[in-house]
Structure formats: structure tokens, C-alpha cells
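Chemist: Read off the chains here:
There are 2 protein chains.
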Amino acid sequence: MFRHIVLLSWVEDATEAQKAAVEAGLKQLPGAIPELRRYEIGPDAGINHGNHDFAVVADFDSEEDYLVYRDHPTHQAVIADAIKPILAGRAAVQYRL
Amino acid sequence: MFRHIVLLSWVEDATEAQKAAVEAGLKQLPGAIPELRRYEIGPDAGINHGNHDFAVVADFDSEEDYLVYRDHPTHQAVIADAIKPILAGRAAVQYRL
Numbered sequence: 003m004f005r006h007i008v009l010l011s012w013v014e015d016a017t018e019a020q021k022a023a024v025e026a027g028l029k030q031l032p033g034a035i036p037e038l039r040r041y042e043i044g045p046d047a048g049i050n051h052g053n054h055d056f057a058v059v060a061d062f063d064s065e066e067d068y069l070v071y072r073d074h075p076t077h078q079a080v081i082a083d084a085i086k087p088i089l090a091g092r093a094a095v096q097y098r099l
Numbered sequence: 003m004f005r006h007i008v009l010l011s012w013v014e015d016a017t018e019a020q021k022a023a024v025e026a027g028l029k030q031l032p033g034a035i036p037e038l039r040r041y042e043i044g045p046d047a048g049i050n051h052g053n054h055d056f057a058v059v060a061d062f063d064s065e066e067d068y069l070v071y072r073d074h075p076t077h078q079a080v081i082a083d084a085i086k087p088i089l090a091g092r093a094a095v096q097y098r099l
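From first to last, the protein sequence lines are chains U and A. Our numbering puts the first sequence at residues 3 to 99. Our numbering puts the second sequence at residues 3 to 99.
Take the hints with a grain of salt, since some may be wrong.
Put simply, identical chains are the same to the list, so a pair is met inside one copy or across any two.
Calculated cross-link-like contacts (lysine to any residue; reagent style SDA-like; alpha-carbon spacing at most 25 Å) [as the list claims (entries may be wrong)]:
(1) K21 - E65
(2) K86 - D63
(3) K21 - M3
(4) K86 - A22
(5) K29 - L69
Note that these hints are calculated values from the structure, not bench results. Please read all numbers here as calculations on a predicted model, not as lab measurements.
Take these sequences, add in the hints, and give me the full structure.
Modeler: This is the structure in C-alpha cells:
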């Protein structure tokens with residue numbers, strides 16, 4: 003199994019509608035990208051200060067399947083249209099399980 | 003289910019032995035903290051530039067169980083003894099699955 007994690011933080015003036023658009027856009031991806039085996043996304047619970055605002059955990063059978071997801075046009079469209087306009091910070095790791 | 007994610011990056015002069023000590027220390031935690039339901043850790047695969055160096059994904063039955071893990075003395079000892087000496091950056095999210 004191969005896992006991709008990305009943690010995102012939003013600009014201070016990001017609206018609830020903009021944040022909801024990110025979640026709605028990402029939720030389309032399992033239907034559009036059959037290589038996605040498991041996809042667990044969501045906003046930070048607000049327990050700890052200094053956290054990022056949103057998490058994406060995506061599991062694949064292989065590194066090659068992750069690359070299909072990474073470069074998929076539907077995914078790239080969500081990044082360009084919903085994520086980038088409100089993005090303040092990003093941290094990522096891919097690792098083998 | 004309640005998930006904790008932390009992505010860590012290491013200082014440039016961190017040695018392989020120091021990085022291995024982090025992994026060995028964290029691997030003790032499922033045996034020491036019964037609240038941990040799933041624990042999947044590992045170094046970044048090196049595919050993408052700008053990534054953090056190490057990922058920790060910990061799943062719990064509840065937010066309360068995550069707090070037991072967060073504040074557990076065995077966990078805090080790994081942070082103080084193995085992680086902090088080589089820590090360059092940290093990004094975290096907790097979220098509900």
C-alpha cells in the first residue's frame with residue numbers, strides 16, 4: 003500500500019463557502035479516479051493551536067497509482083479552482099505502508 | 003474514529019542513526035498506549051520536492067483517546083529525546099473520520 007498525505011492551511015479571509023468548495027471538489031475524486039483505494043479528508047478538529055486547517059489521506063495499491071491521482075485532470079482542476087485561491091500553506095509526505 | 007496526523011521535517015545534519023531512533027521510539031508506542039487503534043508511520047518516499055521527511059498517522063476510537071496518546075509520558079519521552087534534537091518543521095491535523 004502507498005499513502006499520500008497533504009495538510010493544507012487557508013488564508014485568514016477564506017470563507018466557509020470556499021472551504022466547503024474544497025471539500026466538495028475533493029469528494030468527487032474517488033468517483034473519478036478508480037486508482038483511489040481509500041480517501042479520508044476533513045477539517046482540523048480545532049484541539050491544538052498551530053495546526054494546519056485540512057487533511058487529505060489517500061491510499062493506493064502502488065506508487066504508480068498515486069502518480070495517476072496526482073496528475074489526474076479532475077484533481078488538478080480542484081487544486082486550481084478551489085484550493086489555490088485560499089491556500090496559505092501546504093505540507094506533504096508520501097510513504098509505503 | 004478520530005485521526006491524528008503529524009508530518010515532520012529534519013534538520014539537514016540529522017544522521018541516519020538519529021532518524022532510526024525516532025522510528026524505533028515511535029514503534030514502541032502501540033505496545034505502551036492501548037488507546038492506539040492503528041498506527042502507520044514512515045519516512046517520505048522521495049518522489050516530490052518540498053515534502054516533509056516523516057509521517058505519523060494514528061487512529062483512535064475518540065478524541066479523548068487521542069489526548070491520552072498526546073500526553074502519554076512514553077510518547078512525550080520520544081518527542082523530547084529523539085524528535086526534538088533533529089526537528090526542523092512540523093505540521094499537524096486532527097480530524098474525525
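Chemist: State for each hint whether it applies.
Modeler: Hint check results:
1. In this assembly of identical chains, K21 and E65 lie within 25 Å of each other by CA distance solely across copies; the values are 23 Å between and 29 Å within a copy.
2. Within a single copy, K86 and D63 get their C-alpha atoms no closer than 28 Å, and across copies no closer than 33 Å, so neither meets the 25 Å cut-off.
3. Proximity of K21 and M3 under a CA criterion of 25 Å is satisfied inter-copy only: 22 Å between copies versus 29 Å inside one chain copy.
4. Proximity of K86 to A22 under the C-alpha cut-off of 25 Å is restricted to the intra-copy arrangement: shortest distance 14 Å within a copy versus 35 Å between copies.
5. Taking the shortest alpha-carbon separations for K29 and L69, only the intra-copy value of 18 Å comes in at or below 25 Å, while the best inter-copy value is 29 Å.
The earlier numbered hint that this structure contradicts is number 2, and it is the only one.
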